[in-house]
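Read off the chains here:
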Amino acid sequence: MMEKYITEILVVEDNPYEADLVKRCLKKLLPPERIAHIEDGAQALDFIFARGQYAYREGAGLPRLILLDIKLPKVTGLEILAQIRANSTTQQVPVVIFSSSKEVRDLTDAYKFGANSYVVKPIDFGDLENVIATIVKYWLDVNYFQVNSSNSPDKP
Amino acid sequence: MSERENVNDILISVLNSVEEGVFSVDMKTGEQLFVSDSCRQIYGYTPDEFKANPNLWFDIVYEDDKAYVQEQNARMYTGEKLEVQYRIVRKDGKIRWLNFKMLPIIDEHGQINRINGVIADITDRKKDEQIIASAYKALNNIFDTIDEVLYSVDVRAGRVKHISKACEKLYGYKAEDFYEDVDLWQKVILPEDAAIVEQHIAAVAKGNKDIKQYRIKTKDGRVRWVENKVIPTLNAEGELILVDGITLDITAQKDAEEQLQESIKDTQDYRAALIESSIVSITDRYGRIKYVNDNFCKISKYAAHELIGQDHRLLNSGYHDKAHIQNFWATITSGKIWRGEFCNRAKDGKLYWVDNTIVPFLDADGKPYQYVSIRNDITDRKRSEEQLRKSEKQFREFFELAPEAIFIMDGDTGRFNDFNENALKLLGVSEKELRQMGPADFSPLLQPDGRNSAEKAAELIKDTMHGAQPIFEWQILCAGGKEITAEVRLVKLYDSDHNQLRASVIDISEKKKSQELIRKSEANFRAILDNTETAYVLTDLDMNIVSFNQRAAVNVPLHFKQEISVGMSVYSFLRGGRKSVMKEYAQRVINGENLSYEINLKELYGTDLWYSMRLIGVCDEEGKMFGITISMTDITLSKGISAELERKVDERTRELKDTIKELESFSYTVSHDLMAPLRVMNGFAQMLTEDYAEVLDAHGKKCIDVIMNNSMRMGQLINDLLDFSRLGRKPMVRKKVVMNELVAAVREEIKSHGGPTYHAEVVQRNLADAVADPSMLRQVWVNLISNAIKYSAKKEKPLIEIGMDKQDSKDVYFIRDNGAGFNMAHADKLFGVFSRLHNQSEFNGTGVGLALVSRIITKHGGKIWAEAEVGKGATFYFTLN
Chain F
1 MMEKYITEIL VVEDNPYEAD LVKRCLKKLL PPERIAHIED GAQALDFIFA RGQYAYREGA
61 GLPRLILLDI KLPKVTGLEI LAQIRANSTT QQVPVVIFSS SKEVRDLTDA YKFGANSYVV
121 KPIDFGDLEN VIATIVKYWL DVNYFQVNSS NSPDKP
Chain Y
157 MSERENVNDI LISVLNSVEE GVFSVDMKTG EQLFVSDSCR QIYGYTPDEF KANPNLWFDI
217 VYEDDKAYVQ EQNARMYTGE KLEVQYRIVR KDGKIRWLNF KMLPIIDEHG QINRINGVIA
277 DITDRKKDEQ IIASAYKALN NIFDTIDEVL YSVDVRAGRV KHISKACEKL YGYKAEDFYE
337 DVDLWQKVIL PEDAAIVEQH IAAVAKGNKD IKQYRIKTKD GRVRWVENKV IPTLNAEGEL
397 ILVDGITLDI TAQKDAEEQL QESIKDTQDY RAALIESSIV SITDRYGRIK YVNDNFCKIS
457 KYAAHELIGQ DHRLLNSGYH DKAHIQNFWA TITSGKIWRG EFCNRAKDGK LYWVDNTIVP
517 FLDADGKPYQ YVSIRNDITD RKRSEEQLRK SEKQFREFFE LAPEAIFIMD GDTGRFNDFN
577 ENALKLLGVS EKELRQMGPA DFSPLLQPDG RNSAEKAAEL IKDTMHGAQP IFEWQILCAG
637 GKEITAEVRL VKLYDSDHNQ LRASVIDISE KKKSQELIRK SEANFRAILD NTETAYVLTD
697 LDMNIVSFNQ RAAVNVPLHF KQEISVGMSV YSFLRGGRKS VMKEYAQRVI NGENLSYEIN
757 LKELYGTDLW YSMRLIGVCD EEGKMFGITI SMTDITLSKG ISAELERKVD ERTRELKDTI
817 KELESFSYTV SHDLMAPLRV MNGFAQMLTE DYAEVLDAHG KKCIDVIMNN SMRMGQLIND
877 LLDFSRLGRK PMVRKKVVMN ELVAAVREEI KSHGGPTYHA EVVQRNLADA VADPSMLRQV
937 WVNLISNAIK YSAKKEKPLI EIGMDKQDSK DVYFIRDNGA GFNMAHADKL FGVFSRLHNQ
997 SEFNGTGVGL ALVSRIITKH GGKIWAEAEV GKGATFYFTL N
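Respectively, the protein sequence lines represent chains F and Y.
Every letter in the first sequence is one number past the one before it in the working numbering, and letter 127, counting from 1, is 127.
Every letter in the second sequence is one number past the one before it in the working numbering, and letter 227, counting from 1, is 383.
Don't take each hint at face value.
[What the hints assert, rightly or not] Calculated Cβ distances over 10 Å to all of chain F for the following chain Y residues:
(1) THR389
(2) THR423
(3) TYR447
(4) LYS454
(5) SER490
(6) PHE681
(7) ALA799
(8) ASP829
(9) VAL836
(10) GLY839
(11) PHE840
(12) LYS907
(13) ALA924
[Stated by the list, open to error] Covered stretches of chain F, as calculated for chain Y (at least 3 residues, CB under 8 Å):
(14) 56–65
(15) 90–101
In short, the hints are calculated from the structure, not lab data.
Note that the Cβ used here is the ideal one computed from N, Cα and C, for glycine as well.
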């Protein structure tokens, strides 16, 4: 039985090693229980909308930030983004696209579907740490976001 | 015997003794109550025989009269008193005319009781009557055969007694018409002549014989003149009782009279006209003027009284010589008419010309007793004749000055009466020689048409003398044997007394030669036109075919299923919508457009038949359009080739698009999937140094550094490569670029990222603006300036110059540094991807930067090149189309 933590950051990343790197950086910034990692798109939606295997999260509230990779198996990052934006409860959740791609097409698509930010993952781990620190500082400390935990997301 | 019986007997004996037969018949029984003895005498039958056969009286009626007798007999029953006459055949066979008087006796009931009748033999009287009747008839016949209408009117009874049949011919009315209407003769008289007829009637009423002429209108509407002669008869009281008369048709006589009147009037008119229009004078036998008309006075300026009694010599102009005057006097004194022209002098001294006709009037002895002179003013004519003479003089001058050779030829003899200097020059003969020559003498035996020159010349001369004005070409054989072609015009000369004609001759040999050349070149052209693969059709502005070449003659029937011929309309080859489209095209060509388009006759053939069409207006020398050329080239083949080509291009394009797509997905994959492992490698190596720092020795740490550096470098390479490939796919947007500003901005940016390596002095000269893709051009400057800084960083005083030159009117931008430079021997490798002239340890780099720059410049249609010297620096030049 999984515990129902208040998730502050949801990382959606299919490459476990990459996810380890990102999580390592994040763990230097906030407690591990506030960080959730999901490996594929379908599960990510279930997590966000508290359904399927994540139905227990009913009432656990929405993450304060979603770090979303674009290239995901099953449901792509852009599809997840679209569903988040389509739901009146989840539509305000900040979504930062965290991708290796520098393709213009990916960039424009991401903003078109309502991404709050598009960040290219640096190769160098030091750079990666810096970037993640900046993101977290900005979205969790600087950016104002009202979490309403009593409000569960509408199930789509 | 009673008294009554006695009386009866007496009566019977009386009745029997009279010559007439007496009879009485009971109409109820048909019984013959009494038949006198005389009846026997008349009939030759006894009374007993009549009694025995009650029908005997009818049986013996003359066959022709039986019908009449039956008809008359029937009348007896009406109670009418009858008198009939008919013939019977006596017992002895003799035919007798009998007169019957019959009296029906009617009883108290109104019934016819008896018929009493008296029979008389009137055979002898009938004979006399017949004689009279035939005499009368003969007389009537005589009356009727004469043209005059004879008539007799009983005035008191108001009745026409008789009118002869000629009335029908004269009046158109029959005698019966006159019998019916006694006033008819008066009714047909023309109203204009009513007064004459009234006088006529009045005269006759007084008993006078009278003759009058007047006009009548016949029944069929013709007007005739008649003469009516009337003889009245009065009774003792002086009362008119009878009118006898004759009416004659005198129309012919009247017409003749009228004509005579008219001709007399005409003569008078002529005389008036003559005096009005001509100059008339009458002189006596001595030449003294007896009469002049107004015209005479007008032209001579003398008053009539000044002339009358004077000699005609008063008007003598002195122009004419004595012989002329003597000739004239000799003519008229001998009684002959003289005609001629005279120049007279008017009172004011001016001369005038008259055309004079003098007619001698001869007395009984044939001697002239007076002369009537009729003249017409011909001064104007004389003046124009004078002018003509002057113009003839001018003509003579023209004759000599004219550029052509002119011959005046006698139409009868064919000899030359006159010619100009050019004629002699043309033929190369002397005047004397030419006078002896005719046209055939300087012509070859035959003309080019194969005809004999002499014959042909004679014919042309003859035609000209009959009014033709031929223009023709003539071969002339000049003195010395040179043959030339001349254009000859023949004109008959009307202003001369002789049958003359003028020949104007121009040497057209040269013209002929050039015409021949033109003809040849036209033939060549025609040959080309006929051998071309393009069908040409020339039409007039209404698209009616004027001419076409051989190809059109072949292709049109082949492709339009219709023969082509001159005069046909182009529209007749077209159907439906094509017709109106062609009409619109024709109008556009007329409006000055040249059209070219392609059509496919697939609808006619089912397979593709492509024609390239051109419609062009054709103009004359003055630029006025007179026709349209339509050229049609069968381009089905080339169309097929180009279709094939297009198909291939499509195929290649599709392949290329697929390739690009593949490339896109490839670079997408590269950017995504190759980066992740690198990042992981780098990250995990970092984790090693962080988590196992105390375990790792210096060498271990170095190895991890190598892993980390190389993963980073690989990431850099991939990024650059992606940039490069992305450039190829990126569409170019050309805009005006302010080059000075762009370069300044790039320098600022590099400086801000440059850190400690950026210590070069950069000189920026004025740069011309360009039209280019701003972001790409920015990339160019970023790379070039970065390179310049990078490669000059090791110099003590790095100096970078950015500027511009003009080469062949093109802007050439350059950037010069005083850095490491390179060996020009390797300059060809400078712009290749991943090719580097320095190793990594010397200068950091991936070898993509200049490849990228080169690709951008090439994409702009420009050129990039470099000049360098090892250790002294390098200069990169580029142009943008």
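The hints, checked one at a time:
Consistency note on THR389 (chain Y): stated as away from chain F, and its beta-carbon is indeed over 10 Å from all of that chain's, at 150 Å minimum. Remark: the non-interface label on THR423 (chain Y) is consistent with the geometry, its nearest Cβ contact in chain F lying 126 Å away (cut-off 10 Å). No beta-carbon of chain F comes within 10 Å of the beta-carbon of TYR447 (chain Y); the shortest separation is about 132 Å. At roughly 119 Å from the closest C-beta of chain F, the C-beta of LYS454 (chain Y) stays outside 10 Å, upholding its exclusion from the interface.
Distance check on SER490 (chain Y): its Cβ is at least 137 Å (rounded) from any Cβ of chain F, clearing the 10 Å threshold; non-interface status holds. In this structure PHE681 (chain Y) is separated from chain F by more than 10 Å, as the shortest Cβ-Cβ distance comes to about 64 Å. The beta carbon of ALA799 (chain Y) is kept farther than 10 Å from every beta carbon of chain F, the shortest such distance being approximately 36 Å. Here ASP829 (chain Y) does not stay apart from chain F, with its beta-carbon only about 8 Å from theirs, under the 10 Å limit.
For VAL836 (chain Y), the condition that its CB be more than 10 Å from all CB atoms of chain F is violated, with the nearest at approximately 4 Å. A beta-carbon of chain F comes within 10 Å of the beta-carbon of GLY839 (chain Y); the shortest separation is about 4 Å. Residue placement check: PHE840 (chain Y) does not keep its beta carbon more than 10 Å from all beta carbons of chain F (closest about 7 Å). The claim that LYS907 (chain Y) is not at the interface with chain F holds, since no C-beta of that chain comes within 10 Å of its own (minimum 22 Å).
Under the 10 Å C-beta cut-off, the non-interface status given to ALA924 (chain Y) relative to chain F holds; the minimum distance is some 31 Å. With a threshold of 8 Å between beta carbons, the proposed coverage of the segment 56–65 of chain F by chain Y is violated, since 0 of its residues qualify and at least three are required. Given as covered by chain Y, the segment 90–101 of chain F passes the check, having 3 residues with a CB less than 8 Å from a CB of that chain where 3 are the minimum.
Of the numbered hints given earlier, the model fails hints 8, 9, 10, 11, 14; all others are met.
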